[in-house]
Amino acid sequence: MKFGRKLALLGLAVALAAGAAARLKDQPATQEASVKELSAIALARQTTDKAGADSPLPLVVSDSGPEEVLTRIFAEIEANRLSNALQLTEGLLHQHPNYRLANLIKGDLLLARKQPIDTFGALNNAPADKVADLRAEAIARLAAYREKPPADFVPRYLLQMPPDQRFAIVVDTKRSRLYVYENDLKNGGRPRFVADYYVTQGKLGAEKLVEGDKKTPVGVYHVTANLPRQKLADLYGNGAFPLNYPNEWDKRQGRSGSGIWLHGTPSNTFARPPRASDGCVVLTNQDLDVVAKNLQVGLTPVIISNSVEWLSLDDWARERSELNKSIDAWRVDWESRDTDRYLKHYSPRFKAGKQSLDEFAEQKKQVNAGKEWIKLKIDNLSVFRNPGKEEVVVVTFDQDYRSNNLNNQMKKRQYWLREGGQWKIIYEGSA
Amino acid sequence: MTSISLLQPRFKQIKTLRAMAIGLAIGFAVPAFADNLPDVQRLIKQGQYPQALEKVDAYLSSRPKDAQGRFLKGLIYTEMNKPADAIGVFTKLSEDYPELPEPYNNLAVLYAQQKQYDKARTALEMAIRTHPSYAIAYENLGDVYAKLASQAYDKALQLDNSNSATQNKLALIRDLITTSGKGNVKPQPAVAAAAPVAAKPAAAPSATIVAATPGAAAAPVAPATKPVAVVAAAPVATPTPTPAAPTPVPAKDAAGNEEVVAALNGWADAWSRKDMRAYLGAYASSFKTPKGKSRKAWEQERAQRIAGKSGKISVSVDTPQITIDGNTATAEFRQHYKATGLSSSTTKTLVFVRTGSKWLIKEENTR
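Those protein sequence lines, which keep their order, are chains A and B. For the first sequence, position 301 matches number 301 in our numbering, and the numbering has no gaps at all. For the second sequence, position 324 matches number 324 in our numbering, and the numbering has no gaps at all.
None of these hints come from the bench; they were simulated from the model. Just so you know, not all the hints are guaranteed correct.
What the hints assert, rightly or not - Example chain B residues on the side facing chain A (calculated, C-beta under 7 Å, incomplete):
#, residue
1, A146
2, L148
3, Y153
Each residue gets a CB set at the ideal place from its N, CA and C atoms; glycine is no exception.
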């Protein structure tokens, strides 16, 4: 969608603004001149600053993260108001003294007062990898600030949240962004955008496959524990929330690895580069503290996507109702004790543990033969679409099974796959 | 490459206003004390700080407000390596005479010595605020900005601090009077008009100076007697001008050497004269511009840094070693560069290529 193109433009703007601190993109031909101007301007400004040539800026920095201030800083740089930019940067550093990106910008702005600079991270022999990391962070943050999720669109993955689940987490690895959505029960459980945060992912990106590949998994997960700071090494910052990677689907796909957590940032830095972890999703400590309040162990989904797909509310409602209908048809057909109708809801590729569809069908036929009646109740249903090319949804619910000879309650998880236009169960088991 | 980065370690000599000995400032003082301050200055010059302190205290006992005397006292403390006392004196002085840039500048020097660069920056910005054309404060401020930038970079990129420990020494101002004079004033037309220094009284220091505030020395309305001081103090090493036309005697090595040396000196000479035509003419069309800049961009940059530079430039070539290989000659030498606020000596290699009867520069490398 339109998201993408804007992002690219923005990236360019950042690179240019941050690089030359002059309006290079407007005047490519006079690049040299404009860079040279910088020193003259910087010098001139020193003399006129205090005299009030610059409109004074209030040093108000919000707590919502540095994106807003960074945006203002780069706008000032683009407009060649370098003193304003420096003032804002120093305000940001006052709030987050060990914010490396802000320190780099400060270094550039100060150096620009001394000599013309023509690149972001203009220090002689600056380690290129570290500068590139900070540039990437700047671009990610500025893009995210400009590109808030559209108000009337929702992430496709949050199809149905159970009533006792208050929030859902959606991570977009391409954007280095974590979105918090509220389960808006007053509006029929529609996801309502709450906030978004910058995150760090694996050094080698997303789509984890094997142990040690330094990638962040893509899929539907939930937090399985809440590890407080006291129990953790400094690397994890203010806290950690392990995820259930590899989940049933991952295992079925042969994916391996472990210890994928959502956690904070070590004390020696405010933020980490966009790609820096071994696969974990990392928030700044202040952001983790806020997000942590909304995390319910065993319940809050953390859905990690390469690139979040957004649906209009209409499309979202259609997809949700289609799935709910399929799930209900499965329930009704089970109650009917018509095993053939019931088995039509299962994919030929179905597997439950080592049990194939045939074995599963055989067993169901035997069981159903002894039934006079079956009552099946589904509660706390959640339906989350699995990010990725394959159309897979993760369905979880409390199953209350009653029959003439057996009653059973369990939490069940199914993976449904869209095959030939029909939603079919490809995995099921207890959750 | 050729240009001297302003960030290179540079050890700016303390800019002593030697001309101070002429003692212009003394004219301000009430006659009875007239010879006290020169005595103090002489003692400072001789390094007899305790005696100088005694004398200046005596001088100040009867005129405690006197800016000149207090300024000298601050200098004496600085020389005696008593930064806290010196800071106290200059701070008080700047409070009593906020219009004087010198106390701010020297405060900045002291703060910078203690690595309190933020305080140094504030003080220098105050100095410039009072005197927008104050060149030394600018240079010092430039150094402080560079230092602050370097600190910020260290934090941003987790650099090891130890390798950036090149301590710039800021220039202490030895003289209270904010003077005009080409050396001390940044040529900045817009500002210069506003600055009180513009009107340069050709007359010798006259009665006009004996202003209402005797001690304060009426700083802004400075007499112009010692304008030369600052810059002139920087030794202007005359480059060895070897304008002798290259005698076209090819083949023989010795003759070839002479030609290359002549080309080398011609290049340095053109640079010193800020003769951009001659300077750029010394470079071959095949010259490898640094960082792959376009020739035009490079020429513009050179013009900005040479012709666009205020004050004198002096470039001299020291002990050139020439090796010639066919039509290529390599000259390795020490380059001594001096300009306002900056001097450097670097080992440089120029690779010349014979082009017609001339040796032109093909590559330029600094080590």
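### Task
Go through the numbered hints given earlier and state which of them the structure violates, listing their numbers in rising order.
none
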